[in-house]
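In full-length UniProt numbering, the protein residues as written are 1 to 440.
Quick caveat, the hints were computed from the structure, so don't treat them as lab data. A couple of the hints might just be wrong.
To be verified - Calculated cross-link-like contacts (lysine-lysine; reagent style DSBU-like; alpha-carbon spacing at most 30 angstroms): (1) K173 to K158; (2) K96 to K77; (3) K51 to K126; (4) K89 to K51.
To be verified - Using C-beta positions, here's what the derived DEER-type ranges look like: (5) R260 to A109: 52 to 60 angstroms; (6) H58 to K245: 33 to 41 angstroms; (7) A75 to R172: 52 to 60 angstroms; (8) S207 to S375: 49 to 57 angstroms; (9) L129 to P322: 53 to 61 angstroms; (10) K371 to R260: 43 to 51 angstroms; (11) L101 to T250: 53 to 61 angstroms; (12) S45 to R260: 52 to 60 angstroms; (13) R321 to G180: 44 to 52 angstroms; (14) S205 to D372: 33 to 41 angstroms.
All of these numbers come straight from a predicted model, not from anything done at the bench. No residue lacks a Cβ here, since even glycine has one placed at the ideal position from N, Cα and C.
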Amino acid sequence: MEIRRQSLDEDAPKGSHRPRRMQPQTEQQVQEISRAEKQRAEQISRLMASKYLERMAHDKYFLTALCKDERLVSANKQGSLKLQELAHKALADVEKRQAVLRERRPLYAARALGPAARTRLSRARKEQLTHTQKQHATDARRLIQTAQSIYEERDTAKCLEQAEFGMEQIARKPANLLPGKDKFLQELHDIVGNAFLDQKRVRESKSEADRERRAFILLGMAVSREPSRDSVLRVRPPAPPRDAKVRIRTLERALSMSTRPSERCYLLHELARLNIDTKQPLKGRVYATKCQTEAKASNQRSWLLNAQFLLARCHLLQNNRPEARAVLLEAAGLARSYGYSEVADFYDTCVNVSLEGEVIAANAPLEKREKDLVSLMQGDDLRTAAKHLRFSIMPGARFEDTPNLSRGSRRRLSILPKTQQPTQMTRRVNRTLGYQEFDF
1 MEIRRQSLDE DAPKGSHRPR RMQPQTEQQV QEISRAEKQR AEQISRLMAS
51 KYLERMAHDK YFLTALCKDE RLVSANKQGS LKLQELAHKA LADVEKRQAV
101 LRERRPLYAA RALGPAARTR LSRARKEQLT HTQKQHATDA RRLIQTAQSI
151 YEERDTAKCL EQAEFGMEQI ARKPANLLPG KDKFLQELHD IVGNAFLDQK
201 RVRESKSEAD RERRAFILLG MAVSREPSRD SVLRVRPPAP PRDAKVRIRT
251 LERALSMSTR PSERCYLLHE LARLNIDTKQ PLKGRVYATK CQTEAKASNQ
301 RSWLLNAQFL LARCHLLQNN RPEARAVLLE AAGLARSYGY SEVADFYDTC
351 VNVSLEGEVI AANAPLEKRE KDLVSLMQGD DLRTAAKHLR FSIMPGARFE
401 DTPNLSRGSR RRLSILPKTQ QPTQMTRRVN RTLGYQEFDF
């Protein structure tokens with residue numbers, strides 16, 4: 001049986017081995033690169049494009065991004081295919097141009113030109129910076145010379161305007177474009193301080209009447225407009241600008257950011273002067289005191305004398321004549337110690353003038369004082385009686401009886417409201433020695 005089975009197996013037809021219809025897919029090994037390597041390859045590609053193509057490198061960047069853009073495939077199949085064809089063709093042309101240029105000049109030769117180009121660019125930038133610095137320095141000196149020439153002409157208002165313009169122009173320049181910026185600003189601040197102090201310098205040839213008239217004007221006291229050879233209008237303190245509030249806010253903002261002593265003295269002096277001109281003696285007194293302290297700390301002599309004069313103006317505006325006299329006497333002593341004899345003589349004149357004339361107080365302080373006094377009264381009877389009293393005189397103030405004018409002299413020729421009368425210039429009569437007049 002075993003022999004028969006073996007013979008049958010040998011005689012059986014042998015079938016051919018057919019391959020399978022579904023062949024197993026061979027696994028393709030994909031070499032993955034990291035994000036850093038991909039970014040490095042992109043950087044090298046952009047570097048080579050910039051070295052060989054120069055301005056056309058931007059075209060290559062655009063075409064590369066366009067070929068990868070998914071929005072290029074749209075519902076319009078023909079138009080989409082045409083755009084893809086144009087983009088790939090243009091990119092191929094640019095890459096071919098880059099390859100040709102690379103064959104002519106290898107990458108190491110192209111990269112060797114970079115340091116030389118950077119050296120030339122750095123040299124050109126330094127030359128341009130030096131030229132700009134010289135130009136700005138020349139402009140700053142020209143502004144200072146203009147302000148100095150106007151100061152020598154004794155035109156205070158125009159000198160202040162030119163100096164302010166120069167400060168504004170110099171402050172705009174950065175420190176790297178204008179070396180010595182603080183020095184130029186210091187010169188302008190000194191010119192402004194000397195211009196204000198020059199108003200207090202009166203020649204010895206001036207008469208006593210002219211000196212007193214100038215003292216009245218600078219102290220802010222009204223005088224009659226009499227013809228004079230002295231240019232009173234030119235030494236008159238500058239009037240406050242129309243936009244005084246905006247100017248004050250600008251100066252306060254600059255004061256909060258300033259660090260230089262001369263600049264702080266200038267800003268404090270301007271703030272005090274503007275507040276005095278706008279009838280705000282309390283604020284003006286605060287700024288004048290700060291300016292005096294700052295000038296003493298930094299040894300700014302001109303600003304110290306100017307600040308003391310403004311402080312005296314504040315006291316006179318508040319009708320504090322003893323305080324004004326004390327400040328003026330101190331300023332006169334400092335001026336003599338500094339060697340400013342003309343300024344000291346003028347301050348002595350201001351001391352004599354400050355006790356003359358009359359500073360008419362405003363109605364608002366009187367009304368406020370009246371309300372405060374009435375509010376302190378506890379009984380209704382006192383308050384009722386206070387309505388019939390006259391509070392036109394501040395309590396504690398000395399009042400001198402004026403001579404009764406006749407009815408004809410009180411008659412006015414105008415219907416306009418009555419204004420403040422100018423202070424009459426009075427002469428002090430020299431009394432005989434040994435004769436005293438007692439007034440009980």
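Cβ separation of L129 and P322, checked against the hinted range 53 to 61 angstroms = Since L129 and P322 have Cβ atoms about 60 angstroms apart, the given range 53 to 61 angstroms holds.
Cβ distance range 52 to 60 angstroms for A75 and R172, holds or violated | holds, 58 angstroms
Could you tell me whether the CB distance from H58 to K245 stays inside 33 to 41 angstroms?
-> violated, 53 angstroms
Take a quick look at whether K89 and K51 sit within 30 angstroms of each other, Cα to Cα.
-> holds, 22 angstroms
Starting from the hint 52 to 60 angstroms, judge whether the C-beta atoms of S45 and R260 obey it.
-> holds, 54 angstroms
Per the hint of 52 to 60 angstroms, is the separation of the Cβ atoms of R260 and A109 within bounds?
-> holds, 55 angstroms
Just tell me: holds or violated, for the beta carbon distance of R321 and G180 against 44 to 52 angstroms?
-> holds, 46 angstroms
Assess, step by step, whether the Cα of K96 is no farther than 30 angstroms from the Cα of K77, and give holds or violated.
-> holds, 28 angstroms
Does the Cβ pair S207, S375 satisfy 49 to 57 angstroms?
-> holds, 52 angstroms
K371 and R260, beta-carbon distance inside 43 to 51 angstroms?
-> Holds, at about 45 angstroms.
CA of K173 to CA of K158, is that 30 angstroms or under?
-> It holds: about 23 angstroms lies between the C-alpha atoms, which stays within 30 angstroms.
K51 paired with K126 [C-alpha distance capped at 30 angstroms] | holds, 25 angstroms
The structure is inconsistent with the numbered hints 6, 14, although it conforms to all the rest.
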